[in-house]
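Assembling the complex is the task here: the two chains are given apart, and the hints tell you how they should meet.
Taken in order, these protein sequences are the chains called A and B.
Just so you know, we're using our numbering here: the first sequence kicks off at 1 and counts up by one.
Just so you know, we're using our numbering here: the second sequence kicks off at 1001 and counts up by one.
Keep in mind that the hints are not guaranteed to be accurate.
Calculated cross-link-like contacts (lysine to any residue; reagent style SDA-like; alpha-carbon spacing at most 20 angstroms) [unchecked claim]:
no. : chain 1 : residue 1 : chain 2 : residue 2
1   : B       : K1924     : A       : P249
2   : B       : K1812     : A       : P215
3   : B       : K1817     : A       : K360
4   : A       : K160      : B       : K1812
5   : B       : K1343     : A       : E479
6   : A       : K265      : B       : R1920
7   : A       : K317      : A       : K360
8   : B       : K1924     : A       : P215
9   : A       : K265      : B       : R1908
10  : A       : K360      : B       : S1309
Calculated directly from the structure, the hints in this document are not laboratory data.
Chain by chain, the residues:
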Amino acid sequence: MPIDPILSHAGRRLLERRDFLAHAAEGLSGIALANLLAKDGLLLASDTAPIRPAIQPDAPLRARPPHFPAKANRVLMIFCSGACSHLDTWDYKPELIKRHDTPMPGADKLITFQGASGNLIKSPWEFRPRGQSGKYISDLLPNLAELADEMCFIHSMTSKTNTHGPGENHMSTGFTVEGYPSAGAWVSYALGSECDNLPAFVAIPDPRGVPQAGPSNWSSGFLPAVFQGTAFNTDQPIANLSTPRGISPTAQRSTEDFLKLLNDKHLMRNPGDSELSARIASYELAARLQLSAPEVSDLSRESAATHASYGTDDPNKFKAGFARNCLLARRLLERGVRFVQLFNGAYAMGEGVGNWDGHKTLKTQYEVHAPILDQPAAALLKDLRSRGLLDDTLVVWTTEFGRMPTFQAGANGRDHNPKGFTVWLAGAGVKRAYSYGQTDEFGYQAVENPSSVYELHATILHLLGLDHQRLSYFHNGTEQRLTFVHGRVIQDVLA
Amino acid sequence: MLLAKPAWLLAIAVWVFAAKTGAAGDIDFEQHVAKILVRHCAGCHNGSDPKGGLDLTRHATALAGGESQLSAIAPKDLDNSYLLKRIRSGEMPPPGKGQEVTAAELAMLETWIQAGAAWPRDRVLSPFDLTSETRAGRDWWSLQKPQRPTVPTVEHAEQVRTPIDAFVLSKLEQHGLEPAEEADRATYIRRATFDLLGLPPSRQEIEAFANDTASDAYDRLIDRLLASPRYGERWARHWLDVVRFAESNGYETNTARANAWPYRDWVIRALNDDLPYPQFIIAQLAGDQLGVDAATGYLVGGAHDIVGSPDIELTLQQRMNDLDDMVSTTSTAFLGLTVGCAKCHDHKFDPIAQRDYYALQAIFAGVQHGEREVRAPETEKIRNQREELRNQLAAVERRAQAAWLQYQPLAQVGNSSSSPGRPAVNALLNVDRFSPTRARFVRFTILATNASEPCLDELEVFTADNPPRNLALASLGAKATASSVFAGGGSPVHQIEHLNDGRYGNGRSWISAEAGGGWVQLELLEPATIDRVVWARDREGTFRDRIPTRYKIEISEAGDQWRLVAGGDDRKAFDPRAKSPELFSTEALPSDVAEQAQHDRSEAEMLRTKLEQISPQKAYAGNFMQPEPTHVLYRGEPLQRRDQVAPGAIAAVSPPLAQAADAPEAERRAALAKWLGDQRNPLTARVMANRIWHYHFGQGLVKTPSDFGFNGGRPSHPELLDWLATEFMAQGWRPKTLHRQIMLSSTYRQASRYQPAAAAKDAGGQLLWRFRPRRLEAEAIRDAVLWASGTLDLSMGGPGYDVFEPNSNYVKVYAPKQTFGPAEWRRMVYQNKPRMRQDAIFGEFDCPDSSQTTARRNVSTTALQALNLMNGSLMMQQAELFAARLEREAGTDGESQVRHAFWLAFGRAPDGDELDSARRLIAKQGLLVFCRALYNANEFLYLN
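Isolated chain B, as found in the complex (with noise of 0.2 angstroms):
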């Protein structure tokens, strides 16, 4: 502790300081106080919320002092200078947040006060500005541009092939260990296609390559494997693992998203195209604007809450957690960076302001979930196709309904004797026909409604000429009022305006903000003679609440006399259940005007065929709109505003991204993408560098993927990384090109086997003294288990498969099928990914659940994966097909019928026990139940 530090010995730290600095005024604010007050104190003391009420990042608070009001700083006066009161006791930092002040810092800070404190004008410290013990700063590692490094030299040099074994073999030498022997042939391409292909190699492809004496033998394999379309479906599915990748919507009714597989196609063929890794991100942010409409599947792969409500504080959250999503899977996937932390504050352990958060949330504030039509060159022919077929439809409906209103009954008022004869109301369309009358004013009211608030989706007024005309159309001059509107005028779906606008559906609607009650009014241009009143809920047949059961209708001349031309009392009583009505009926239709129904009904049927079986393909690929201005908010509360914000980047990471307020919301997609796959960016070569590496030797340089922030592992091979990543960037971005550099390298080519000395100094194997074993992945293995039966289906691309069970419930029912097919026989990538919900065998061997993005799977063992292996249906039905392979191709001899099954499921022969003892299971239990035991094996899961 300071606390008792003698006087003297202040006295001598000041006297050190001042012989080394020459003078008390040389001190520089920025080199010798600014860094003290930053690395111990700036932490907590900042900004708008400063512990204790004390900001000691600018100047005149830090002389104003905080709760205690005392000055913290008292210029010239070391007495009244709170800070180095608080200090001296060893109360701040408090013990145990930070390292505390050294005796020297103490001296230089009196120094300075006693000085007169000097503070450069307008300069406002940030516990940004430097990385301390507790947090990064702008100067954290990772944010500094990579620099090309030297290829160190090494003892061992004939065991480098590659750059990067000098790098390694360099760290090896300086802890005195020694790389595994290289890795024989066989174990050598068993481990290069599960690693590019995630399949096994064949026999055939063992045998070929063991004899290969060219020496180019393993270059050619790499290029073959590379050349292989198995090589992008195997790779997608790491990347759809760190952009939480999946095809429902997630929460509670986590129904399906039948058109999100085209983005998983598009990230295939990308990655088979070697596509250049600044155009793979661009494509994803911003891919609508370049002809790649897919790849914006990435934007809403994330959940949504599809659970709607009037209630304003959970829209507004569910919209949150929407951006939020975008902003967090963006910053963690390519920048390797937890911007997410920084929604409620400032990011206590990196160098991201609250701020910067919400700029990025202004950059994707435009996206919306939903799907969008994929534009190719056939789009806009079909496009034109559709409008055609649409319009022809349209004009048979209108024909249709015009004759279904013409024939409805009249209204009948002031009769209380005629009994009920019009039909009840209903959601789709009702018709009030009442005798020519000549009115400027309508007025419906509403008396009851079936549920809640009543709605109106339009309310149409016709003239008694033929063909009648709608003159309640605002273009036409009517004005709408009405007695309330929805939640205060506060839903922007619940418009007065919608009334008369010409559009129907509850997407433009008017509802009161009166529980079964209110009324409308329309004043039209000019006194017209009118005939009737057509009205519906909701024309486009989604909604059946909100009806309004009992209403009035009342015309006017001159707005003054009202007179009742139509009520709900002479209508039937309303039904929930009842259907809505029958435009083509052609009950009560005189027999001319009947047969022309009947022939408008067999058209409309004919024209909605066609317009099914011509619908262009649509993609989960998000839509786009300009969107409000963004704004912080405080602690993330989205009824909290403060600050309005202009879309931009992280200010801590280079280069600079600043866009205008009200930037195209396409600009802003397109200038982020921009600005990760600039050269300049510090960390995106980086981290994509290390995600590569982290695949094929199931650890990354950096141990968190995702994370190089404070919080991060530190790379254990800096120098390393650095070259990969400007090797990288240098080599045109190209991750095929990355590849091949590490696995031509002898640190790839090394054995697995196990160095009890070399794991007693480095037992997290991060030295890279051998290829770490590891266990396959679930698609690995269930793609191995279907390989060795042989009924591995490698058709490629469109809708996957499903292993649930068809359901359509509002909350969708995931019950996993029981028995499976040709159908489901594809690789797992292909297999449709709700979220949450696993496969029955393969989830449990650690399948992301797609609710958050994941950079790197657990590899956890557990009994239901022994029970999963051993008893799925899926598996015995493989066991059964992999004995009748084995009985096909090697014929009835037990030793072909092993052998065989050897390569297959190990990819080698079996050695004298393994084959006698499968001949002896064999022969007692038959060839499935020794098919089933291979599939179980340790060896079959792991790769060496």
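Isolated chain A (complex conformation) (with noise of 0.2 angstroms):
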């Protein structure tokens, strides 16, 4: 269906009208507040002092040069929901083998999240060493496995808390508490996109729901909505995206051809107004992306050996559908989409039914939701290596904490931990087969360079080529940041 652009002579006049940012800076939009503290004085301007991108209210998702050259363009972030255990995938611990199911040193008077624990209790998966590298990672993701020599692993990543809600705010947001900015939403606020039919941030929810925290995980909290992620998937189109069934194209073009003039007389008799040139271009956004939204969600046209390595065809449902989310992500990262979001896991289903939370019954449970992770992750990967994607695009993998080395008192699962798990990284600007960090012997906590979410946000950034102290939004008298007062870049990590 052909749609012209909306947005008529008298529009595109105002828009490009030599001093239309000195306007658009004071126009209506929340963006102006900002601009209009910096000009009273009230910041200084020192190497230290906050940088807001400038936004343009008709254009503003056009792109934004970084605070300093970038090592990486995009982002792509996979995030198990449920808590992943770091002792079950990544994180070797021969001692835990050697002390099978006997008392962790400690563990008496330790009431974790669903209360008391049992013995240490080793990985029902073997590990065996993986690549040039000899990376021990078990046998739970063999295909992600093979891939150790592509990754960075940070062993010691730790949470501020360990119910999943707060946790996958903190990973996602800097904050436990609802309502802050998510990291896809800043950097599509600092950087804007590289492609303008498609939004700058998409979140693909996983084929059996949305992740515990839902929305929150990519909110704009308070930056503008049009940084927010649109969330949408193989199987669930962005919501109201195709016109109506009752409309036909040419009714379609009668209505914009009718709203055009309509448009065209009110931003007559109200001259100046740049707000309304804004929304009639967000017209021909929208009408964009009811083009491109489809096609990039179309996989018909990849080829067959394609879709064999992803396993979009698999006879299990949920794998086929999150091999269709992974390859849905590389089309979107090879749009220029600047950040994606890409889930597995969704709590609506119960405690680790359809997620990661593996408390009772874990070889059980993960014997369900390692085969829909592992294929088709691995297969993304891969296939952003050999289409030379990676090499600009910045993959993290993690999840909203760990688990513990022991089991739960009177079950077969282990219990939520956020002192000590493992997130990895690859791609731009990362070093590669690298370790960073360390848990104690069982796994249980952090204890060589233990880090944050903080310094994961601050690397994500600074690999972006933006300064996390900088990078700022005014906000309820603050000074508002990803990562707060807190974070540094984990200089170690680099390549």
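The following block contains the structure:
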């Protein structure tokens, strides 16, 4: 369905006025406030002064330069919802195997999220050396394990909470409470997008549903709504994307013509109000989105080999669904979407049923979840590599926290553990086959280079050419930052 | 830099100073020295954790020095005063952190040190003493009581309708600007109606106003609008933004709060009644003491994490989050101060100490999230009726339970060949019967559970009498002991005392500290003949874990020799899916008893139905209990307790508010409310007047309505703000009076015409040289859509309507409804508002997600907004209904249809072009397509 640009000549002229930005900055938009305050002289001009990107109201997603040359142009965050156990995947602990089924020293007094701990329990999956580096990874995720040489592990990650909702908020937004912008929103606020017909930030929910903290994970918080993650996947298109059935293409066309007339006349009566033109322009982007979103979600042109490598026609419908989401992620990144947050796991089905929350029967539960993640995610990584996208795309694999090296008293699974867990990075600007930080001999808590979500966020921003201490938005009387008042870049992981 | 200043310059400076003050001996510490130290040093070098270990706010520590171990100030010894050295070298204050010390200031310090560095006894300097380049002190503008300003005289006095205009015009004239001409009447009535009611005016109203030649036409219009009940609905939404009101718990479960709506209704009523602001405040903080229960919904309107855990640190953190929400919301909403920033340390920019934060926390320390019965005149009657019904029901259940217990099979012990014939254990009720035996001690030992440490909510031991008596009760002198207690006794709900307190349920239970094991023992007051032990995990039926599945019961007369009387071996195997016992089951009962059981069952059912029917209204308005002492928490960490703090307010904000550390809970909230509504409080009236101004003009006189601190905006018209604040108080703190003052001013009556020359000088429009056009808010857009189609249902109050499919998951799933009917056609303020989940169409128009307070909505323009208005199913339905209305009311004539539609959508008649194009569109594509287009036009969404 061909769609004409809705913006009229009058609108264009207004947009192109040389002094447009000056007006735009003071327009009706919420963005104006920060600029006003800057002009009031409240901000000291020095090299630590906050940096607030100048947002153009009619093109808020237009690409903006980073603070310094960037290693990565875009980010893929694979988020395993439910707290994926580091001890059964990436964090090899020989001592845990040796002391299997014995009490963990000091654990008798330990009360974790669901209560008392039982004995130390080794992983039900074997660990073996992988790749050139010989990094020990378990058999739970054999396809991802094969890519060990691409990965840069942070084994000493910690979280500020041991509850899923707040934990996901923390990992996605830096705050355990709701209402703060997610990392993806900050990045699209800072950098805009390289692609003008798709959202700058896309959240891809798991085929089983949304993660535990739901849309908080991709919220724009107090940032303007245009920077929020747009949620869709291959099963669930963007809400209200398609023209209603009752409206024929010619009817749609006539509607747009009539709208153009009404809006032009309104604009003539209200010259100087750039917000009006911005709104007209938003209908243009909407029309482009109506074409580009179905196009990017249409996987039919991908080769049979590609489909097979991801597993999109796997008989396991959840695996096939997640595989399609992985393929969608690649297509979005390829088209220049700035930040893609790809979720694996959803809560609605109940504790550990549709996600990594393995409290009661870890082995049985993970035998269900691992195959859904493994082949598709590994295929995605390989696909990005073979297309050269990994050179300027940062991949972050994460989860909200880790799990205990003990089984819960009276159960065959592991309780929540925010004191030490693993995330890994791959791609643009990070070391390959590298491990940073360590947990103790059982994998209970970070002991070497303990790291934090703030550090992870600072490092992600750094790789994108952004100074986490300066990227800021003025809200409720404070210079707000993704890393609040914390964080530092983890220099050791930088290539 | 000062570094290279020649000595002679310093000499001159000192000389100048000496000439001014007469002699070095005349140095006034406060006037001359304290200001320098506060301005340049005290920001970092203060308190318990000063930079470099150096505290320059106290005499002793200033002399002692910091980590360098060099005296910062050595009296009469300039060479050994390290402070001077660091200042002279330009190292202090660190570049970029505040102002440099001037030569004169340095000279002053030298003179003072030379003269002996006199420091008044016990004087402790504070960074709060003085406003500086980098922070606000107690002398900050917004902390000074507003003074009634003189209304300025202006050149163009003919443009002045109210004192407001004089202030605004005076500023414009100073800048060589002129106000815009007066808006035409159609524009004004549309502006005023949306502004006060959130709805458009009708054609009749527009035309009547346009033709009203009376001199008080504007006054009567505003009076009419302010008298409309729609006003409360519109302005309540503004307040609900500020107080982060939502109807779900937030966080991962985000379960609905079915009874949060009474608070919304109360706000709407309070605004319609024009409740004086101090009363509005006190109702929300302490309405439980004034008979307005729903109003305290304010206190618990925020998010609340209901995920429970035995992890004590987590539980404390959750509680801290609840209290932080109350402290932060109250201080931003009423005071415009970001007190939340002082949770971990003294506020970096405003004179708010960490202690102040915890003093405020102590005010709210007794507030618990939850529902409470709303008292109404009929409440007492209902309560009595319910009490009566509950007693009847309890009697029936007791009778049924007694029968059930009586006919349960006897426990078999020591007979391994007997097949397991007794029912399996369950969470709700178990009995172990044995032949009557004399005993004083009963021991219950758990050998296995279905999960985790065992739990018993109550252990009862009955006599063999008729009727049987429970001798286990502590009130009858029985004593309970246990092998261990959950979390070392640290959990208030799981205690050994709860084993025999006569109260059922998990909330009053015992749990051991041993996974799958533990024992409890009862010592009766004296030996008695007993024949059964009755026990359960949770008689209230909430929990089904921690059930003892293998156990033994032993009894003893003297406590030395024990006899096994019952165990689980003769029970059927535990089945986690099995239902709990049916008290009214007639199985195993003799026929006469069975008949009674049947009768009891129907009676119980009837009583339960009755109880449900007459339940009193509840509101999510919190519960109150006398709290434990409040402590300052080091860095805000719940486990890092420091000094105890008494309830109070912010020391730098007058008047002082101090309460006893053990002040009764209710008094704490009432006292804070009175303090907020006190005429002497410099912030309350200013902040509210500015909020009202903000909603009328789209921008406050202070651009940050919830931040009047250092980081907030400065008032563009300070005198006007003070005039409004003092006027607000003088007129009895009534918002409607302020609305009238503002809306009848020439300033508000201006046209929205853009003036390039004015914009060049004042692009933000802060000087008010026109009425700034603005986009309508989500609620006004939705209401206007329904209003135009004629479907808007104006019924007020009560539970809201839902735009998500019903769902009762533990973690609620929010699936937007796809079809809508009359139930969803009420005003959007009545839409159930879950946290973090937005209306599928209108949420995108910058609706707050209610996770935090929102003083000022963003106005963003996104492609998703366009898609939603174009394609949303509700929009299509409404376009269809709009089209049907046109046919119904304007007949089949194209021109009348278009005219009617323009009046409904834009409040005006179409011009020739518009009429022609519209008629062509309708002829080709039909009315629906035309109506859909109108809903998407800029004019539909923007207010001039």
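Okay, the hints, checked on the actual structure:
{"no.": "1", "hint": "B:K1924 with A:P249", "result": "13 angstroms, holds"}
{"no.": "2", "hint": "B:K1812 with A:P215", "result": "13 angstroms, holds"}
{"no.": "3", "hint": "B:K1817 with A:K360", "result": "35 angstroms, violated"}
{"no.": "4", "hint": "A:K160 with B:K1812", "result": "24 angstroms, violated"}
{"no.": "5", "hint": "B:K1343 with A:E479", "result": "17 angstroms, holds"}
{"no.": "6", "hint": "A:K265 with B:R1920", "result": "17 angstroms, holds"}
{"no.": "7", "hint": "A:K317 with A:K360", "result": "24 angstroms, violated"}
{"no.": "8", "hint": "B:K1924 with A:P215", "result": "42 angstroms, violated"}
{"no.": "9", "hint": "A:K265 with B:R1908", "result": "14 angstroms, holds"}
{"no.": "10", "hint": "A:K360 with B:S1309", "result": "16 angstroms, holds"}
Violated hints for the displayed structure, listed by number in ascending order: 3, 4, 7, 8.
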